[in-house]
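Now for the letters of each chain:
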Amino acid sequence: MNGWPMSAWMNHLVIAPIIIPLVVGALLMLIDERRRALKAALGVASASVLLALAVLLLYLTDHTATGADATVRVYRLGDWPSLFGIVLVLDRLSAMMLVLTGILGLSALVFALARWQKAGAHFHSLFQFQLMGLNGAFLTGDLFNLFVFFEIMLAASYGLALHGSGLARVRAGLHYIAINLAASLLFLIGVSMIYGVSGTLNMAELAVRIAAVAPEDRGLLEAGAAILGVAFLIKAGMWPLGFWLPNTYTTVGAPSAAIISILSKVGIYAIIRIWLLVFGESAGTSAGFGGHWLLIGGVLTIAFGSIAVLATQNLARLAGASVLVSSGTLLAAVGAGQAAVTGGALFYMTSSVLAIAGLFLLIELVERGRMVGADVLAVTREAFGEGEDEESDDDDAIGVSIPAIMAILGIAFMACALLLAGLPPLSGFLAKFAILAPMLAQGAEGLPFTTWALMAALILSGLATVVAMSRTGIDVFWASPAGDLPRVRLVELGPVMMLLALCVALTVQAGPVMRYMEDTARSLHGPERYVQGVMTTAAPGTGKGAAP
Amino acid sequence: MELILALGIGVLTGSGVWLLLRPRTFQVIIGLSLLSYAVNLFIFSTGGLRTGAAPVLERGMAGSLASHADPVPQALVLTAIVISFATTALFLVLLLAARGLTGTDHVDGKEKSR
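Line by line, the protein sequences are chains A and B. Heads up: take any position in the first sequence, counting from 1, add 702, and you land on the numbering used here. Heads up: take any position in the second sequence, counting from 1, add 809, and you land on the numbering used here.
Just so you know, not all the hints are guaranteed correct.
What the hints assert, rightly or not - Distance ranges between label pairs, derived from CB positions: (1) G819(B) - E918(A): 19 to 29 Å; (2) A815(B) - L1125(A): 50 to 60 Å; (3) E918(A) - S824(B): 27 to 37 Å.
Rather than coming from a laboratory, the hints here were simulated on the basis of the structure. From the three backbone atoms N, C-alpha and C, an ideal C-beta is built for every residue, glycine too.
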């Protein structure tokens, strides 16, 4: 298929990112909670294998073809012809998202080994199911299957969001779950409307059929797509649908927040994938449907996020508000509808996902010295009767409070601030530049007002982030009374440093990474290969699915 | 037939949305359940409605795509029912936890001050 020079079993690699966490997660449920070392070892092994696998898949996807000639790898579940059965599709965008999930998964899990895994039952199983849902959502090529993986991902995220229990978490979790259940229902309505009109759930086939939809049905199809879009935008946190997001992200435990922070990007991924595939240039009169909404909504989200960033008093809310800013930036950049801008947006997504996850982890370490997060943690550990003595033994071994620890945390915080605000020399700056440069390249005369608004919003949101983060940074690292140094273990500092080091690597290797992003964006804006890849794997003679 | 189904879905959705916006957690969960019934019926209806038709095939008739109902919406409904059942159960657990922790069944975890 598509000239992959590999043995047959290599073809099954595509489904492995879903199968491995499923099996490991189920296995972990059977193991007694007291055998924590075994559970942790299995969980970390699974997360490491997933990361290695994701990197391998990325390499395979990128190296078999050059330029926009993206190789699209289609895996048919149960070997059904692709228009009857469900397909998994691996292209550059999916591979990139898999790698991001793998990185976040591994770092959050390693971070959780120090404390958070002890704060409640079944942490490791939930974590594996979370990874499974994320990987599935990134790989699937079928709308309804996307719904199923969304639900797996959300169900696991409900568990992780409530992990550690406590009043604040349950209160925020109640809203989070109610909103996401309502969003799931919208998702179903959208999917069934699209199916009712077009007779297919396969994204690639939908892209082919949309041009031939009768004019009187087109409105219904577009309404279905819009309802589906609302469901995704609720996940992505677009203003005014994202009011739940900062609250939820603020209350959940640090490792859960780090992995859940990619959930908002799943909403963005779904929009990039479906909107660019289905409402591309080949969509007839529906081409570019809703693009203005994305652009305007994105700019408003940036504005709302920037105000939220400025208004926050505590660190966790600051990170939650940064998620909104980054979501808004991505939505607006994608809504601009140019391949070059989308390339920059993908670079921005990589950089901001890593930086925000790093910030969530870092905040927990910093707050620990300030006795704000620590009291919540103490309550939860008390609730589960966890041994304080065991902790202190470990601390004596490696977690000695060295005076330099505040300096290290401070530098890491500064790096996060630079990344999120988009200041040189780190990758956040390159990402914003990559979004802004193609917009300006068209020449200043022909620019529509919305583009100017987006550029202004991008730059002002950077300013707001700098102001807010330097204010809190001064407050936390310089102005707070000394003597109460946070006790940080290497296993907690390691993941933060790894995430930030990856951002530095993104900066140093910006050339090859940007080349990859641009290829991805080009193949997203010209999805012929994707459509062809899925359609040609149908067995001969089975052109059509069942029409309604 | 279409009218009855459409009215049924409409009434369920209307009641569901109204309950979803109420301040008590129990009302919210019933609202979500009603909404999910409405959505399930809606998915079911996208397969097309026919009255007096054979369930699968007419007697003595060869099978063809034109003569039986579209099976995909039925499969979707089944999946949607299972998933909404599971998430509702999960929400119910959280509802009880919230009731126990906050001592109130208000969705915000505290009564509105008067």
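Task: Hint numbers not upheld by this structure, sorted from lowest to highest - done: Of the numbered hints given earlier, the structure breaks none, since each of them holds.
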